[in-house]
Amino acid sequence: MANTTYSEFKEKLTNVFTLCGIDVPTDEKINKLYELSELLTDYGKNVNLTAITDTDGIILKHFADCAVLCDAVPEGARVIDVGAGGGFPSLPLAILRDDVRVISLDSTAKKLSFIDLAAQRLSLANISTMHARAEEAANGVLRGTLDFVCARAVAALPVLSELCLPFVKKGGVFCAMKADSAQELEACKNTFAKLGGELEGVREINLTDGGETLHRTLITVRKTGATPKQYPRKYSNIKAKPLI
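Going by the working numbering, the first residue of the sequence shown is number 966, and it counts up by one from there.
You may find that some hints are simply not true.
[What the hints assert, rightly or not] Each computed BS3-like pair below joins lysine-lysine, with the alpha-carbon atoms no more than 30 Å apart:
#: 1; residue 1: Lys1199; residue 2: Lys1135
#: 2; residue 1: Lys1135; residue 2: Lys1204
#: 3; residue 1: Lys1199; residue 2: Lys1075
#: 4; residue 1: Lys1154; residue 2: Lys1199
For the record, the hints were derived by calculation from the structure and aren't laboratory data.
Starting from the given sequences, assemble the full structure and let the hints guide the process.
Okay, structure coming up:
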């Protein structure tokens, strides 16, 4: 990243977003993504945030991969990113959609420290962090209050659904960002209904930089009713016996 100028970064990002059918951000937002990419690389020298540290990889596998979520998020939504890790999709979403308010939830404090630092450096007033396990936080004050809940490659879909759907308010949406989802969806036929949700859509996406192509799937579940009080269970129970 140290050898990538802003103009080179802008050209690469514009090319990738165009190839992927993603709206190219304003110069102000591209500049924030550039600053984030530099910060990610520098911070990652001391803390393991991501294995992806080259400019091309960050643009395609982090920024474009997260940007596809933007169209699915309602205007002015309250969002929680469950298992936010190093801030994906939280940080790109907060940059690209400054109308939404984002909570980055993770159980690893070091990764949340990076998100806090990035938010401060990039002057992102619409993102905050929460240090907790998802199954514990879902039984707290945020239960049933969020417009949009997302998770990116955190766990298998039946496990993820039990962790995420309790956060969603009635009428809101849970969106799982997955690579390959056919088998997981088959296993979730009854899961969504048990948690007060209903499968709304499955969007297949191909991301490319003109060379490498990545297949992604956005699974959206609409919250149609309250999640029964017994969910989510303890994580050990969720993992040992997924709700299917």
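Results for each hint:
1. Lys1199 x Lys1135: 23 Å, holds
2. Lys1135 x Lys1204: Satisfied, since the Cα-Cα distance of roughly 26 Å is no more than 30 Å.
3. Lys1199 x Lys1075: Cα-Cα ~23 Å, so holds.
4. Lys1154 x Lys1199: Answer holds: lysine 1154 to lysine 1199 is near 22 Å, not above 30 Å.
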